[in-house]
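Asks: Add chains C and P to chain S, keeping to what the hints say.
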Amino acid sequence: MAEAALLRWRNDPEQTAPAVPLADYQPGGIAVRLAPDDDARLLIPHLGSLRRIDLEFPKFRDGRGYSSAAILREAGFAHEIRAVGDVQVDQLAFLRRAGIDAVAPNRPIDLGVAERTLARFAHVYMPAADRRQPVWAKRG
Amino acid sequence: MYRYDEYDQAIVDARVAEFRDQVARRLNNEISEDAFKPLRLMNGLYLQLHAYMLRVAIPYGTLDSRQMRMLAYIARRYDRGYGHFTTRQNIQYNWIKLAEAPDLLAELATVEMHAFQTSGNCIRNISSDQFAAAAADEIADPRPYAELLRQWSTLHPEFSFLPRKFKIAVTGSNIDRAAIQLHDIGLQLVRGETGEIGLKVLVGGGMGRTPMLAPVIREYLPVADFLSYMQAVLRVYNRHGRRDNIYKARIKILVNDLGAEEFARQVEEEWALVKPLGLDPPASELARIAAHFQPPALAADAPVDIDLSDPAFAKWVAVNTHPHKVPGHAIVTISLKAPGEIPGDASAAQMDLIADLAERYAQDEIRVTHAQNLVLPHVRRADLFALWQALAGAGLATANLDHASDIIACPGLDYCTLANARSIPIAQKLAVMLAPQESDLGELKIKVSGCINGCGHHHAGHIGILGVDRRGDENYQLLLGGSGAEDASLAKILGAGFDENGIVAAVATVVDVYKTLRTGPEERFLDTYRRVGPAPFKEAVYG
Amino acid sequence: MPRLLTGNRLETGDVLWWSGSGWSLHLKDAVDVDADGEALLAQLVPQERISDLALIDADVTPSGWRPRSTRERVRAVGPSVRPDLALPSLPVEAI
Chain S
1 MAEAALLRWR NDPEQTAPAV PLADYQPGGI AVRLAPDDDA RLLIPHLGSL RRIDLEFPKF
61 RDGRGYSSAA ILREAGFAHE IRAVGDVQVD QLAFLRRAGI DAVAPNRPID LGVAERTLAR
121 FAHVYMPAAD RRQPVWAKRG
Chain C
1 MYRYDEYDQA IVDARVAEFR DQVARRLNNE ISEDAFKPLR LMNGLYLQLH AYMLRVAIPY
61 GTLDSRQMRM LAYIARRYDR GYGHFTTRQN IQYNWIKLAE APDLLAELAT VEMHAFQTSG
121 NCIRNISSDQ FAAAAADEIA DPRPYAELLR QWSTLHPEFS FLPRKFKIAV TGSNIDRAAI
181 QLHDIGLQLV RGETGEIGLK VLVGGGMGRT PMLAPVIREY LPVADFLSYM QAVLRVYNRH
241 GRRDNIYKAR IKILVNDLGA EEFARQVEEE WALVKPLGLD PPASELARIA AHFQPPALAA
301 DAPVDIDLSD PAFAKWVAVN THPHKVPGHA IVTISLKAPG EIPGDASAAQ MDLIADLAER
361 YAQDEIRVTH AQNLVLPHVR RADLFALWQA LAGAGLATAN LDHASDIIAC PGLDYCTLAN
421 ARSIPIAQKL AVMLAPQESD LGELKIKVSG CINGCGHHHA GHIGILGVDR RGDENYQLLL
481 GGSGAEDASL AKILGAGFDE NGIVAAVATV VDVYKTLRTG PEERFLDTYR RVGPAPFKEA
541 VYG
Chain P
1 MPRLLTGNRL ETGDVLWWSG SGWSLHLKDA VDVDADGEAL LAQLVPQERI SDLALIDADV
61 TPSGWRPRST RERVRAVGPS VRPDLALPSL PVEAI
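Chains as they are written, first to last, in my numbering: chain S, 1 to 140; chain C, 1 to 543; chain P, 1 to 95.
Hints were generated in silico from the structure; no laboratory data involved. There may be inaccurate statements among the hints.
As the list claims (entries may be wrong) - Simulated crosslink set (DSS-like; lysine-lysine; CA at most 27 Å straight-line):
#	chain 1	residue 1	chain 2	residue 2
1	C	Lys429	C	Lys515
2	C	Lys248	S	Lys59
3	C	Lys515	C	Lys315
4	C	Lys275	S	Lys138
5	C	Lys165	S	Lys59
6	P	Lys28	C	Lys97
7	S	Lys59	C	Lys37
In this text the structure is predicted, and so the values were computed from the model without any measurement.
One chain only, chain S, in its complex shape (with noise of 0.2 Å):
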């Protein structure tokens, strides 16, 4: 069983700076790290020099990440957006859905489950940051 401590779905070089929390951020920064009460909203200026923006997921059942995510890619915000912490594989449909392109979780995901898991739903209902065509787009 093929495991990773972390699953990247972009082509370009992984950005490798350390992300500092909003708090610590200085303009110019290259590397952001969201907490889930984190107002992702605060970044927008930002989003030039930004490179990569970690999204803290210290529960699975907390999901308030998903919308952190959706909202960056709605502002434009086109590098990675890694979700870090409690991320489990049934969870990466929706996190891939809502914008997330990178995830590096506190236990390792079996790459075989992970690959079923977002090949499985050929079809959805709603558009979302993934920019799927959603299935009243293709009923039309």
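Replies: Chains C and P alone, transformed into the frame defined by chain S:
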């Protein structure tokens, strides 16, 4: 009725495959119970006291005979020959085996049914008016809007891990049969100044530990902007709803803490940002869905006058049927509340019979009500007698709709692992005690919950009963004055709790007080209570 | 006071009672786990095969074990409102 196209079917089939994979990983010990529990809950599978319980979604409470027969088949094949219709217009099976659940879901998928999001901190089954498309009082059929919401909320990438569960109800009428003021979001179809249909939006109602009535946050929402506005409401909640305390995590607490005006302002602000993102489907999608809900072709010249010389039949017609928008037709409610029986339970044989009768007499449509009864929405008055006879033969012709023995009860401690006390035996005793005088009592809604979560809607009962645990013993609190209808109000606790016999006696006393205080037979219990207040009831019950 | 070990089988959800060497569907087969309860839990919980494991208090009566709480008596018998489905553990009326 809505029928799946290839996309809907593919999504349901993929969900079955996903759940099969998840169950297999659990049975192989690849994942722990802690990791698996939220996965099975998002597919409506609970571990209850005696076995697994599966909650199957019945979107907006609408079924056809083919689906009802499948529910009967599942009761026989996977359960012990019965099912329980719930206050969420769903059905629950009580004796499910985990290892068989994926096969069960695969069978359900063959009749376009599923258990998506019937539990978990996500958007639950959308509920609606059981008289949709039949009631004379409606502006339009609310179900196309409910189906649009069902699809939008299914596997939503942003709103599947909310602070807490999220319930939405839609109605098309001023007569509120969907309890919209008691939902996280309540939607009412209204006409705007130009006569166009739009939605009135209520947010932040609910029962449970902290019952609240939902305030209106928008008087009129154009249909074209429906889903982007929902996105804004849910996003404000997902970001700012409390996650530190499970009892304060529902949206009602957020709305109450912020105030309805400030909450509405935040939603408008968010909406302005998400509205341009293309979240709203084109009008053609709503039209496509609405085309599935074309009213049946009913003959407007069907005879209105029928022979009511049989007094038992006449009583059933008077109590359990409502006027249909098409003359010569009626809306029939099938009571699942024969006094002494378990509220909301139906045997597989009863389900099969109702499927047959729906096909024969009711345009192949069946509805589930939040009061745990079933409805045949389109019946010719001329067929009522034959229908009534067939129902009577199966114990399904009890004429008690909205009367004292038509009691809502959650499964309680007989089945539910969250319960503190049994609900069903209380409902049974009250129903048997009150049935002989219920015609005289008129409309009287009694609702029993076995714990503070309030699945039995005790806060919305004219008489509500809440089971609690008192040092290991079952104890029952008495509440009076609630309503889940358009005159919604929250029932208030009258005083100290009782044991099982004590609560039954207390209800008997309350009913006696009502009979002496009412201005006449037309004044309902609820109206008398509202007029005189709790004092005379309290005095009589507690001395 | 005697303590019994109970749980639900993962595959079926069936209510189980610890009989000293394994699991039984019947309350009458339960044994008082006494001081061994915590050690059994520590051994069984990580195996992840039995859900909702719990030690419960019961009294000894002439007809056998009687769990102290209503909840555990319901678990032992079945729904009190369906005597036709009851297990032969306690009389339904004893709930």
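Asks: Run every hint past the structure and note whether it holds.
Replies: Here's how the hints hold up against the structure:
1. Lys429(C) <-> Lys515(C): 20 Å, holds
2. Lys248(C) <-> Lys59(S): At roughly 18 Å apart (the allowed maximum being 27 Å), Lys59(S) and Lys248(C) satisfy the hint.
3. Lys515(C) <-> Lys315(C): Holds - the C-alpha atoms of Lys315(C) and Lys515(C) are around 22 Å apart, at most 27 Å.
4. Lys275(C) <-> Lys138(S): 21 Å, holds
5. Lys165(C) <-> Lys59(S): This hinted pair holds, its Cα atoms lying about 17 Å apart.
6. Lys28(P) <-> Lys97(C): Distance of about 24 Å is within 27 Å: holds.
7. Lys59(S) <-> Lys37(C): 14 Å, holds
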